[in-house]
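Visitor: As a plain string of letters, each chain reads:
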Amino acid sequence: MPTFKLDDQDIPFEPGDTVLRAAHRAGVDVPHYCWHPGLSVAANCRMCLVELLPPPGRGALMLDVLRWDPALGEYVKERKPKLVPGCQQPVAEGMEVRSATSEHVTKARSAVQELLLLNHPVDCPICDQAGECRLQDYWLEHQAKSKRMRDEPVHKPKAVRFGPTIVYDAERCIICTRCVRFSAEVAKDPVLSVRERGNLNEIVVAPGRELDHGYTLMTEYVCPVGALTAVDFRFKARVWFLRSAAAVCQGCATGCNAWLDYDPRSHTVFRHRPRENAAVNRWWMCDEGMLDYRRVHEGRVLEAYVDGQPSELDPAVLEAAKRLRGVAPERMGVVLSAQCSNEDNFAMVELARRWIGTGNLYLAGRAGGAADGVLRHEDRNPNAAGARAVASTLDPRAPAELAADIESGKVTHVLALGAELGDPALAGCLETAEQLIALAAWQGPLVGAAGVVLPIASWAESEGTFVNAAGLAQRSEKAIGIQGDAHPAWRVVAAVGRGLGHAMNWRRLADVRRAMDNEAGAIVADAPALEAR
Amino acid sequence: MTRAPQEPRSSSAPLGPRKVVGAPVRRPERTAAVQSYVPTILEGLGLTMKHFFVNTKELALGQRNDPVLEAIDDGINTLSYPEQKRPYPERYRGVHRLTHRVDGSPRCVACLCCSTACPAQCIHIEPAEYPEGDARRGYERFPARFVIDEIRCVFCGFCVEACPCDAIRMDTGMHPAPYDSREQFIYEKDLLMSIPGRDGSFESDNPRHEPGDPTHPGVTRLKHH
Numbered sequence: 012m013p014t015f016k017l018d019d020q021d022i023p024f025e026p027g028d029t030v031l032r033a034a035h036r037a038g039v040d041v042p043h044y045c046w047h048p049g050l051s052v053a054a055n056c057r058m059c060l061v062e063l064l065p066p067p068g069r070g071a072l073m074l075d076v077l078r079w080d081p082a083l084g085e086y087v088k089e090r091k092p093k094l095v096p097g098c099q100q101p102v103a104e105g106m107e108v109r110s111a112t113s114e115h116v117t118k119a120r121s122a123v124q125e126l127l128l129l130n131h132p133v134d135c136p137i138c139d140q141a142g143e144c145r146l147q148d149y150w151l152e153h154q155a156k157s158k159r160m161r162d163e164p165v166h167k168p169k170a171v172r173f174g175p176t177i178v179y180d181a182e183r184c185i186i187c188t189r190c191v192r193f194s195a196e197v198a199k200d201p202v203l204s205v206r207e208r209g210n211l212n213e214i215v216v217a218p219g220r221e222l223d224h225g226y227t228l229m230t231e232y233v234c235p236v237g238a239l240t241a242v243d244f245r246f247k248a249r250v251w252f253l254r255s256a257a258a259v260c261q262g263c264a265t266g267c268n269a270w271l272d273y274d275p276r277s278h279t280v281f282r283h284r285p286r287e288n289a290a291v292n293r294w295w296m297c298d299e300g301m302l303d304y305r306r307v308h309e310g311r312v313l314e315a316y317v318d319g320q321p322s323e324l325d326p327a328v329l330e331a332a333k334r335l336r337g338v339a340p341e342r343m344g345v346v347l348s349a350q351c352s353n354e355d356n357f358a359m360v361e362l363a364r365r366w367i368g369t370g371n372l373y374l375a376g377r378a379g380g381a382a383d384g385v386l387r388h389e390d391r392n393p394n395a396a397g398a399r400a401v402a403s404t405l406d407p408r409a410p411a412e413l414a415a416d417i418e419s420g421k422v423t424h425v426l427a428l429g430a431e432l433g434d435p436a437l438a439g440c441l442e443t444a445e446q447l448i449a450l451a452a453w454q455g456p457l458v459g460a461a462g463v464v465l466p467i468a469s470w471a472e473s474e475g476t477f478v479n480a481a482g483l484a485q486r487s488e489k490a491i492g493i494q495g496d497a498h499p500a501w502r503v504v505a506a507v508g509r510g511l512g513h514a515m516n517w518r519r520l521a522d523v524r525r526a527m528d529n530e531a532g533a534i535v536a537d538a539p540a541l542e543a544r
Numbered sequence: 005m006t007r008a009p010q011e012p013r014s015s016s017a018p019l020g021p022r023k024v025v026g027a028p029v030r031r032p033e034r035t036a037a038v039q040s041y042v043p044t045i046l047e048g049l050g051l052t053m054k055h056f057f058v059n060t061k062e063l064a065l066g067q068r069n070d071p072v073l074e075a076i077d078d079g080i081n082t083l084s085y086p087e088q089k090r091p092y093p094e095r096y097r098g099v100h101r102l103t104h105r106v107d108g109s110p111r112c113v114a115c116l117c118c119s120t121a122c123p124a125q126c127i128h129i130e131p132a133e134y135p136e137g138d139a140r141r142g143y144e145r146f147p148a149r150f151v152i153d154e155i156r157c158v159f160c161g162f163c164v165e166a167c168p169c170d171a172i173r174m175d176t177g178m179h180p181a182p183y184d185s186r187e188q189f190i191y192e193k194d195l196l197m198s199i200p201g202r203d204g205s206f207e208s209d210n211p212r213h214e215p216g217d218p219t220h221p222g223v224t225r226l227k228h229h
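Protein chains in written order, with the numbering used here: chain H, 12 to 544; chain G, 5 to 229.
If you're looking for bench data, these hints aren't it; they were derived computationally from the structure. Misleading hints may appear alongside valid ones.
[What the hints assert, rightly or not] Among the chain H residues that face chain G by a calculated CB cut under 8 Å, a handful are:
id: 1; residue: Leu64
id: 2; residue: Pro136
id: 3; residue: Gly310
id: 4; residue: Arg311
[As the list claims (entries may be wrong)] A few chain G residues that don't get close to chain H, going by computed Cβ distances all over 12 Å:
id: 5; residue: Leu63
id: 6; residue: Gly98
id: 7; residue: Leu116
id: 8; residue: Ser119
id: 9; residue: Ala132
id: 10; residue: Phe146
id: 11; residue: Ile190
id: 12; residue: Glu192
id: 13; residue: Phe206
id: 14; residue: Glu207
id: 15; residue: Pro215
[Stated by the list, open to error] Covered stretches of chain G (chain H as the covering partner; in silico rule of three or more C-beta atoms under 8 Å from a C-beta of chain H):
id: 16; stretch: 105 to 115
id: 17; stretch: 195 to 203
All C-beta atoms, glycine included, are put in the ideal place defined by N, C-alpha and C.
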């Protein structure tokens with residue numbers, strides 16, 4: 012691979028690369044605001060200015076400038092090289108670029124930083140971006156001087172509602188146009204644009220429109236400063252109190268990689284942020300997925316119920332086992348959940364196949380929706396493929412067949428993972444089942460109809476593996492502690508199994524994974540990688 | 005493989021106290037005067053009587069120091085607490101208070117800098133946004149709840165240092181009252197705002213530019229520059 016020289020380092024590049032893209036790939040940081048690896052080049056923030064050394068035998072392009080000499084008390088003539096934006100400068104073999112080692116670049120960056128902060132209100136105390144703001148970071152790194160301008164800064168509109176999810180503060184905006192480019196290029200809805208020029212410019216929504224496409228929260232995420240803030244996260248938390256868990260979004264079968272930000276002190280989840288993965292979601296996530304974190308705390312089943320009455324967990328598990336004891340295996344129906352991880356579903360499959368000895372497996376999940384051609388998949392469950400994979404030779408059937416089997420009396424006892432059946436019309440048939448035991452994290456039709464409900468952990472409270480629609484198995488980390496009486500589903504399944512007198516003695520997740528690898532084969536190894544879109 | 009048998013300890017060391025090595029410590033000479041304690045008792049009583057006569061004389065002649073103000077002088081420094089109290093130094097860090105704006109609302113903008121700086125993690129704040137139509141909406145936010153656990157507080161004053169708005173102060177001159185239950189040490193926003201500073205004021209000396217008043221930098225934003 013050809014290389015060029017950035018400061019004292021040889022950086023490899025691919026044909027067509029710019030200085031910034033090659034440096035970014037090599038993990039070398041060149042400060043920038045407007046450049047984003049997933050967006051087109053705008054080169055308007057001027058923070059990534061670099062010095063290009065002229066080819067041998069040629070002089071550099073020099074500019075005549077005036078420099079203030081404090082000793083003389085007047086301006087003196089000086090020459091300095093013309094700097095170029097690194098995000099726009101294509102690289103060539105053997106090119107020499109100076110970034111941090113150039114005195115001219117250091118000076119220019121300090122000046123750019125001062126210009127960007129000239130009209131900034133410095134309302135960091137009430138700004139949600141504080142703590143993850145490029146202006147703060149780069150001020151310390153590249154400027155670290157107080158403001159020299161004594162004039163009144165230009166004032167612009169604050170707290171402008173852009174749409175149901177986004178609030179805009181024009182005073183904090185540096186007009187990097189990342190949000191404009193994102194809307195036009197990735198969301199394919201050019202609803203944002205820039206009005207006016209110079210220090211009067213601001214981002215505006217197209218007349219008669221609102222910022223309401225399916226990826227509005229991404230505009231907030233790509234904003235390097237606090238100009239765009241999310242209504243959902245606004246004033247909720249300070250980012251330096253939050254920790255991030257590498258999770259997988261549970262909104263649909265795309266399985267976007269996400270950071271689940273939570274407060275470890277209160278065990279509260281505050282937001283989803285996209286986690287870069289070139290094979291799945293690149294840098295993006297949709298609004299529905301980013302707001303899906305709310306399900307960690309909303310609509311949860313946090314205690315056990317026996318016949319509609321709240322119960323302690325242990326008696327409820329024993330009661331569930333009692334009600335399933337002595338049932339003929341062919342009368343048992345076991346429902347897997349496309350909402351739960353491989354490990355949880357595998358525990359159900361083990362209980363059904365090895366210990367109960369039934370082949371009546373069904374697979375249920377949330378009802379589907381529309382795909383949008385960018386990230387959203389029509390299957391709104393994160394792990395339908397994984398649940399099928401862990402069932403291996405047994406092919407789990409559709410919820411409609413479960414309804415038919417209950418109706419015909421073929422299945423009388425149902426042990427179900429998850430609360431959703433997909434089609435609300437099917438819920439009626441559940442009443443005719445003799446016994447229904449549901450292991451659920453959320454409220455749903457199965458929970459409403461179940462004789463015994465056992466609470467299980469959501470993806471935020473337990474580790475798990477999820478297989479997306481493209482067959483890629485991804486691990487999701489645990490973020491917060493267990494809510495209420497919930498336990499990871501595999502643990503609850505094993506407890507029910509032990510209640511039935513079976514030796515399901517997994518003590519930790521690693522035991523389940525080991526058993527799963529033996530039984531269902533290494534799911535991760537079989538998964539074909541998804542090509543970058 | 006065979007291992008050499010270890011000699012049991014008890015067989016090699018004889019039972020009983022071990023021999024002390026080194027020179028013995030010299031004891032003081034036990035003369036009859038020392039042994040009887042009488043001179044020492046007289047010496048102690050003499051010192052007590054000396055203080056008794058000096059203090060009685062000073063009390064009678066009005067030469068006694070004011071125990072409140074001259075705390076470290078010689079003589080009697082006893083004071084009848086709590087009727088008499090020594091004044092705290094000017095920069096004494098007492099119970100917190102939340103300063104007011106001119107209209108009586110808290111100056112606090114709920115930035116959580118104080119609770120970030122707090123080493124005891126005793127400050128809990130829930131921020132909220134001003135309602136639609138309020139002049140401060142967009143510029144500021146306010147604490148819907150502001151709670152300090154005074155029994156957890158270590159009175160280091162970091163919260164006061166961290167505050168960018170001069171909204172929290174420890175200039176009340178009060179030390180935290182001894183309560184009989186832990187709940188009483190949980191100071192809510194209303195209580196914190198009801199405590200004046202030592203000078204009796206609820207506001208702070210630093211003027212605050214409110215959105216809407218002519219000194220506020222934001223009011224000319226619609227004007228063309």
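Visitor: Are the hints correct? Go through all of them and say.
Guide: We went through each hint and held it up to the structure:
no., hint, in the structure
1, Leu64, "41 Å, violated"
2, Pro136, "3 Å, holds"
3, Gly310, "23 Å, violated"
4, Arg311, "22 Å, violated"
5, Leu63, "58 Å, holds"
6, Gly98, "25 Å, holds"
7, Leu116, "5 Å, violated"
8, Ser119, "8 Å, violated"
9, Ala132, "7 Å, violated"
10, Phe146, "10 Å, violated"
11, Ile190, "17 Å, holds"
12, Glu192, "19 Å, holds"
13, Phe206, "21 Å, holds"
14, Glu207, "19 Å, holds"
15, Pro215, "9 Å, violated"
16, 105 to 115, "holds (count 3)"
17, 195 to 203, "violated (count 0)"
Hints 1, 3, 4, 7, 8, 9, 10, 15, 17 from the earlier list are contradicted by this structure; the remaining hints agree with it.
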